[in-house]
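Asker: In case you want the letters, here they are:
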Amino acid sequence: MKTMSHSKKIYLGAGAALLGSLGTVAIFARAPFTDAQIAQQSQELLEVVNKGRDLWHGSNPSMSNNGLACGNCHPDAAASNPQTFPKWVPQLNAVAPMREMINWCIVHPQGGTALDVASADMVALEAYAVYLYRGEKIQPGYTVPTPPIPVKSGVGYPYKASGIGVDK
Amino acid sequence: MSDSKDLTRRHFLGLAGQAGVAGFAARAIGFNIGLVELIHAEPTKTAVTPFSFAIITDSHLFSIPDHKFDRALEDAVAQVNALSPAPDFVVYTGDIAQNGREDQLVKGQKILSKLKVPLKVIPGEHDWYLDLGKTWNGLFGKETWSFDHKGVHLIGLNSILVKDFWTGANMTPVQRMGVMEMLESPIAGPWGVRDAQLEFLRKDVAKLSPSTAVVIFTHSPLWDYYPRWNFQTQDAPEIREILGKFDHVVSLHGHVHQTIYNKFANFSSAGALSTSWPWPYPPVALDYPGSQMNQADPANTKDGMGTQHVNLGAAGGVVTYDPFANSLTPFLKDGLKV
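Order-wise, the sequence lines are chains A and B.
First residue of the first sequence? That's 1 in my numbering, and the numbers climb one at a time after it.
First residue of the second sequence? That's 169 in my numbering, and the numbers climb one at a time after it.
Accuracy of the hints is not assured; some may be wrong.
To be verified - Quick list of in silico lysine-lysine cross-link-like pairs, DSSO-like style, CA-CA up to 30 Å:
| id | chain 1 | residue 1 | chain 2 | residue 2 |
| --- | --- | --- | --- | --- |
| 1 | B | K302 | B | K282 |
| 2 | B | K470 | B | K431 |
| 3 | B | K431 | B | K310 |
| 4 | A | K87 | B | K470 |
| 5 | B | K413 | B | K371 |
| 6 | B | K236 | A | K51 |
| 7 | A | K51 | B | K331 |
| 8 | B | K501 | B | K431 |
| 9 | B | K375 | B | K310 |
Simulated from the structure, these hints should not be mistaken for laboratory data.
These numbers were taken from a predicted model, which means no experiment stands behind them.
Chain A with its partners taken away, still in its complex shape (with noise of 0.2 Å):
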């Protein structure tokens, strides 16, 4: 009967003694997030949302030479249907993300100069048009419903991120 050698025993000793570890690490790789966290979290979300919301309605003039904002076309990023990109998009004869979509409107129906599209204000323009849409099904041409809530003048819609019209 043959048996394992002494340094065969103490490199497989060695090698479950590494996977158990492993184990215990991809469980326990960090502690959950505090609801403290977890607001924090949201509240930074909810700002670049914010100054998302803010450059899709006119907020950096380098964005149009004619006035026009990507409000003007596309209300509460209506038919942007941000949740279906990257796809075939026909303006640019390729499969592209939602940013070279949106630099493309940018030079093209409002005249202004496209940004860098790892630029802090385009990953707000698509925060803003992905957290109007989460969970939306994917149909052309599609407006995310924006239920009406009571305010001070009648019924309307919030304006900051206390649900930005969507939260349901």
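Keeping the supplied structure of chain A fixed, place chain B upon it in accordance with the hints.
Answerer: Frame of chain A; chain B shown alone:
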């Protein structure tokens, strides 16, 4: 008008209206029940002399010189001037300007002055909220009006009036205008024509016979299409109630930048193509989805925009859209019966 004549006409219009709805629904699902033959088979006497008028709307002119929207409005004027037969008049249903500035309104007036036929105008929110209509009134007169033409009573109302949100907030006129410019802004709240114009409307139609054909123009639709974008008029139910005595009311509006149709009892409504940009259809189920045009191609700077003209006669009217590009579905190319 005698009672017997009234009855004949009212019976006819009721039948024609039913035929119109049935025909519309039938065509929407792909077949034709001979609507034209049905209407023309019913003899009638009417005080309406057939005529047409055109609608131009929502040019959103900027102050920037030689802006593409200037050229679009010039194209619209040329298109209407080329209609044959010529329309009797043109109605502009609001939003000449983008920011309500005097130079924008003056530029629009100058371009519209090239129309070969008379012009009637009502305001949109983009025309109004920089100086609360002062410049607009100076250029175009009263925003509330009515007149009779060839047996039809036509009414124009200012439907973009909101409660004062600016005084308490110490807003400047530019800030006030900025709030109103944004379609999905929650701050201003819903629009309406408000009490004074409702009273005007009551008095204006009080002595008219129910058989009188009525056409009403507003910037925003007189039904709750999509209130989030103010595709509504808050006191539209009251307007429809005041006009409820008439056999046939046609409501024509701007603001929505798209083809759209709806009908309530005696009340037919149609939206107008803008000359500036098209809006996507909002996420609501429509009773008449066939009234939607094709989704616009953003690479075609004229797609989804244009003008429209309306033919009115004894049996009602037809709205014919005249797009700058090939934006219409085959169904829409026949026009919308209103």
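Asker: Now tell me, hint by hint, if it's right for this structure.
Answerer: Consistency of the hints with the structure:
At most 30 Å may separate the alpha-carbon atoms for a hinted pair to count; K302 (chain B) and K282 (chain B) meet this at roughly 24 Å. At most 30 Å may separate the alpha-carbon atoms for a hinted pair to count; K470 (chain B) and K431 (chain B) meet this at roughly 29 Å. A distance of roughly 29 Å separates the Cα atoms of K431 (chain B) and K310 (chain B); the hinted pair therefore holds under the 30 Å criterion. Only pairs whose Cα atoms come within 30 Å are accepted, and K87 (chain A) paired with K470 (chain B) is accepted, the gap being roughly 25 Å.
Restraint check for K413 (chain B) and K371 (chain B): the C-alpha separation of about 14 Å stays at or below 30 Å, so the hint holds. Between K236 (chain B) and K51 (chain A), the direct Cα distance comes to roughly 28 Å. Compliance with the 30 Å bound is thereby established for this hinted pair. A C-alpha spacing of about 28 Å is found between K51 (chain A) and K331 (chain B), which places the hinted pair at or below 30 Å, so the restraint holds. Annotation: proposed proximity of K501 (chain B) to K431 (chain B) holds, straight-line Cα distance about 19 Å (limit 30 Å).
With a C-alpha separation of about 22 Å, the suggested pairing of K375 (chain B) with K310 (chain B) holds against the 30 Å cut-off.
Checked against the numbered hints above, the structure breaks none of them.
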